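There are 2 protein chains.
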Amino acid sequence: MKNRQFLLNARPEGLVKTSDFRLVEGAVPEAQDGTVVVRVDYFSLDPAMRGWMENRADYVAPLAFGDVMRGGGAGEVIASRSAQLPIGTRVAGQFGWQEYALAQPEHLAVLPADLPLATSMSVLGITGLTAWFGLHDIGQPKPGNTVLVSGAAGATGSIAGQLARIAGCRVVGIAGGARKCEWLVHELGFDAAIDYKAQDVKTEVRRLCPAGIDIYFDNVGGEILDIALANLAMNARVVICGGISRYNETGELPGPKNYFNLVFRRARMEGFIVLDYAPRFAEGRSALEAELRAGRLRHAETVIEGFERLPEALIALFRGENLGKMLVHRQPA
Amino acid sequence: MKNRQFLLNARPEGLVKTSDFRLVEGAVPEAQDGTVVVRVDYFSLDPAMRGWMENRADYVAPLAFGDVMRGGGAGEVIASRSAQLPIGTRVAGQFGWQEYALAQPEHLAVLPADLPLATSMSVLGITGLTAWFGLHDIGQPKPGNTVLVSGAAGATGSIAGQLARIAGCRVVGIAGGARKCEWLVHELGFDAAIDYKAQDVKTEVRRLCPAGIDIYFDNVGGEILDIALANLAMNARVVICGGISRYNETGELPGPKNYFNLVFRRARMEGFIVLDYAPRFAEGRSALEAELRAGRLRHAETVIEGFERLPEALIALFRGENLGKMLVHRQPA
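Here the protein sequences come in this chain order: L and D.
Those letters in the first sequence? Residues 1 to 333, by our numbering.
Those letters in the second sequence? Residues 1 to 333, by our numbering.
Worth flagging that the hints you see were computed from the coordinates, not collected in a lab.
Predicted model only: the values in this text are computed from it and were never measured.
There's no promise every hint is true.
One copy or two, either will do: identical chains are not told apart, so a pair holds if it fits within one copy or between any two.
[As the list claims (entries may be wrong)] Simulated crosslink set (EDC-like; lysine to aspartate or glutamate; CA at most 16 angstroms straight-line):
| hint | residue 1 | residue 2 |
| --- | --- | --- |
| 1 | Lys2 | Glu301 |
| 2 | Lys2 | Asp41 |
| 3 | Lys202 | Glu223 |
| 4 | Lys142 | Asp200 |
| 5 | Lys17 | Glu54 |
| 6 | Lys257 | Glu301 |
| 7 | Lys257 | Asp226 |
| 8 | Lys257 | Glu223 |
| 9 | Lys202 | Asp41 |
Just chain L, with the same shape it has in the complex (with noise of 0.2 angstroms):
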């Protein structure tokens, strides 16, 4: 039995290559005291990886050239030198891209037994953790509010417009293509769409926010972060959740040149990291789950299979080819 991993082979320049990452073969690590070994069955792809491939600390500290690439995965316990964490027991933690990790039980959240894999990823994932603690702590939504989410058809965005949904709130999505507004409409429930690669945007916000935008939960910055900025109502929350048309441009990018907005509308703009909300996570995960099981949260997957894929399932996610959470699933090889 090997262990496949991917190294950081070298720091991104505009898109992420394949060649970026070096696929090697190792052994698959023993059980110490107190630690168990995972077999990682699904990963997890999210737009902040493009940042930890680069050499700058920010909020983790950058990777070196021949680390395992860094990244949530969510598996099975097989080898266990730890009470607390059985042989069986499904786990989701920070694996990095390989197959088999060892982990110590404190980093490890235990998954409910009796949902899928993939669902715990999306839903109960760090991505819907972020839109739980981004919606409810940065964007106090109440309700009546208007929210426009943009990326809202990503696993972040699809949950936090549904979250503002439950509580009370018109949500208007952004995303690129009519499949995916479609989605946002005819099955999570939004009240409205906007399709920026066939729509104006400017006009479109105009239109299904008159009243102007008291949430505006941003995943994407650019340009639609400077319509939102101009279409703010008063006293308007703007949460910096991601900036995904950033992430792989090169060079210095053009800031929101409608931040003066801000004064005229009161409005107060804010970002924030999940990873702040770790001692919160087991809160949102519950209150997560009850909205899931309730039927109150739908959600998709797009699951690639095979862990010699990730790479370019990064790069897909960056070209927006998924619905909802982007993942691999493992295969053995």
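Since the structure of chain L is provided, determine the placement of chain D on it from the hints.
Okay, now just chain D, sitting in the frame of chain L:
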């Protein structure tokens, strides 16, 4: 006795010009039932006036051609049909650019009889209140915080910085010219000052705020805002009070390209309009007055003599020729 008035003559393009205003003479108004006539002795010059001259509705209705130029002032009641405000009462209000104004008592603030009008206009006026509410409500200073203030030698910045010192913060000011910087450090007690005309702001901000900026109180926008955003401490608050570098520019201005650092620093950027705090002005004024009388707030006024020099005083304000509050003192024609 005539009443001189400046009317809006043209929308400004670029820097305000004297020809944007027209000086006319009319009759001094007469007090009607319940109203008073105020002789305006001091006129407040404020960067926001530039926006009031434009044809866009932000937070105040745009002026029409031929309207008396909008602006705050202070003076004395010279005729009264209101029992509340007898002749001789010193008051402040939005009188516009005219020597005599008819006013309703409920729109006026009664000023302390024992303080010079110019002092009331600076520390206790709109700019002092802007500093008070902007720093305390939006900035939320905590002892030990590092506070960076731009436009620090202006009417608002100079008070905001001192209030931050009073709140137990370390305060660094940015201003143009050695004289202003010396005033900040040696007269007002700022911990340090940066002369943006002679020093490299980026280098100095890094040197003087090595642990990052907890509160950035922004009066200028532009490149300095970007430098501040690049140097935020965790959970920083960016108070967007003004953006004087923008007001006289035409066309599209770049936004703050470092806005995404709000995410990495879990920081917030928030705008406000002091007029929203009108119901709390009395509270703010009495707090400021207490600090002033206790000798904890220093202030300066740059007074230009002569009503007819109002337009040039506004231009001088945009050129940064003021130390502290820019005022025009009416002199009889």
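Hints, one by one, checked against the model:
For a Cα distance limit of 16 angstroms, the shortest separation of Lys2 from Glu301 qualifies neither inside one copy, at 28 angstroms, nor across copies, at 77 angstroms. When the C-alpha separation of Lys2 and Asp41 is checked against a cutoff of 16 angstroms, the pair qualifies only within one copy, where the shortest distance is 15 angstroms, while the shortest distance between copies is 87 angstroms. Proximity of Lys202 and Glu223 under a CA criterion of 16 angstroms is satisfied intra-copy only: 9 angstroms inside one chain copy versus 27 angstroms between copies. In the homo-oligomer, the alpha carbons of Lys142 and Asp200 never lie at most 16 angstroms apart, since the shortest distance is 28 angstroms inside one protomer and 45 angstroms across protomers.
With identical chains, the CA atoms of Lys17 and Glu54 are at most 16 angstroms apart within one copy only, with a shortest distance of 13 angstroms there and 50 angstroms across copies. For a Cα distance limit of 16 angstroms, the shortest separation of Lys257 from Glu301 qualifies neither inside one copy, at 35 angstroms, nor across copies, at 33 angstroms. Proximity of Lys257 to Asp226 under the C-alpha cut-off of 16 angstroms is found in both arrangements, the shortest distances being 7 angstroms within a copy and 12 angstroms between copies. Taking the closest pair of Cα atoms, Lys257 and Glu223 come within 16 angstroms of each other both inside a single copy (9 angstroms) and across two copies (13 angstroms).
Neither within a single protomer nor between protomers do Lys202 and Asp41 lie at most 16 angstroms apart by alpha-carbon distance, with minima of 42 angstroms and 47 angstroms respectively.
Checked against the numbered hints above, the structure breaks hints 1, 4, 6, 9 and satisfies the rest.
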